[in-house]
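Asks: The residues making up each chain are set out below.
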Amino acid sequence: MIDGMFSQPDYVASKKMLDATVMRQEAIASNLANLETPGYKRVDVSPSFQSQLSQAVASGNPAQIAAIQPELAVDTQAVSSRTDGNTVQLENEMLKLNQNMIEHTLETQLVSNTMWRMRLAITGKS
Amino acid sequence: MINILTGIDSTASALNAERIRMDVISQNIANVNTTHGLDGKPYQRQQVVFETVLRDQQAGDISGAGAQSVQVARIEKDNRPPRMIYNPGSPDANAQGMVAVPNINISEEMVDMIASSRAYEANLAVIRNARAMAVQTLAIGKH
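Listed in order, the protein sequences are those of chains A and B.
So for the first sequence, the working numbering puts the first residue at 1; every next one is plus one.
So for the second sequence, the working numbering puts the first residue at 1; every next one is plus one.
Each hint should be verified, as a subset may be incorrect.
As the list claims (entries may be wrong) - If you want the footprint, here are the derived chain B segments under chain A, 3+ residues with CB under 8 Å:
#1 4–14
#2 66–75
#3 120–134
None of these hints come from the bench; they were simulated from the model.
Here a beta-carbon is modelled for each residue, glycine too, at the ideal position from N, C-alpha and C.
Could you put the whole structure together from the sequences, leaning on the hints where they help?
Replies: This is the structure:
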């Protein structure tokens, strides 16, 4: 019964998005670390995560949302503009880094606000 | 073990690798006029070779997906022949009065140095971001 409190679809979805943001941070760290490594191919959270998540959210089934796992994959869209075959672009990664930071802020606030609302409902005071 | 600072292993490896690269560059610049090295020959320019290391062995597969670190695979000698300069007064001059001087181009080294410090800065930005993210994560539930 108590589990029901934490299995609302949007709460579970925001937790999943938070997982994806942390994983993307790891990907960007890896990409920037290998900025100068010949032949390195940039990695990112696999694009299937987004489509799976929006499908699961549309279905409204928390168990289906919880079953999705974000994973890292080589970015096949990225093309190399350099002679060494490396597909990392510094500016692009820095933009992604900042974007990811903002997404993380949004998602931590979503999770916090859900908890705050629950606390308000239980105690009647914030 | 879970890391509270996400991706810190990759970033730390990159900072280390870039520092080694900077060391090698400064060694090249310092030895721009060294005509008599330890082996008695003029100094030869050195360069680092970076390689990717798969950090998470069990998570990664052959496709190479997964977070990766970087390391200096080896430090290689540049095989460009030395420049010959006419300087008969030098103790290292040959019979024709020519001295073999290392073929180091200062501009090339400076450009490498800028590239290296930019890469270093980019990795520091990752650490700053990871730290801010960790602070936010720890603040979940506080209102």
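Asks: Verify this for me: three or more residues of the segment 120–134 of chain B with a beta carbon less than 8 Å from a beta carbon of chain A.
Replies: holds (count 8)
Asks: Has the segment 66–75 of chain B got at least three residues whose CB is nearer than 8 Å to a CB belonging to chain A?
Replies: Coverage by chain A holds for the segment 66–75 of chain B (5 residues, Cβ < 8 Å).
Asks: Count residues of the segment 4–14 of chain B with a Cβ under 8 Å from any Cβ of chain A, then say if the count reaches three.
Replies: holds (count 7)
In summary, this structure violates none of the numbered hints.
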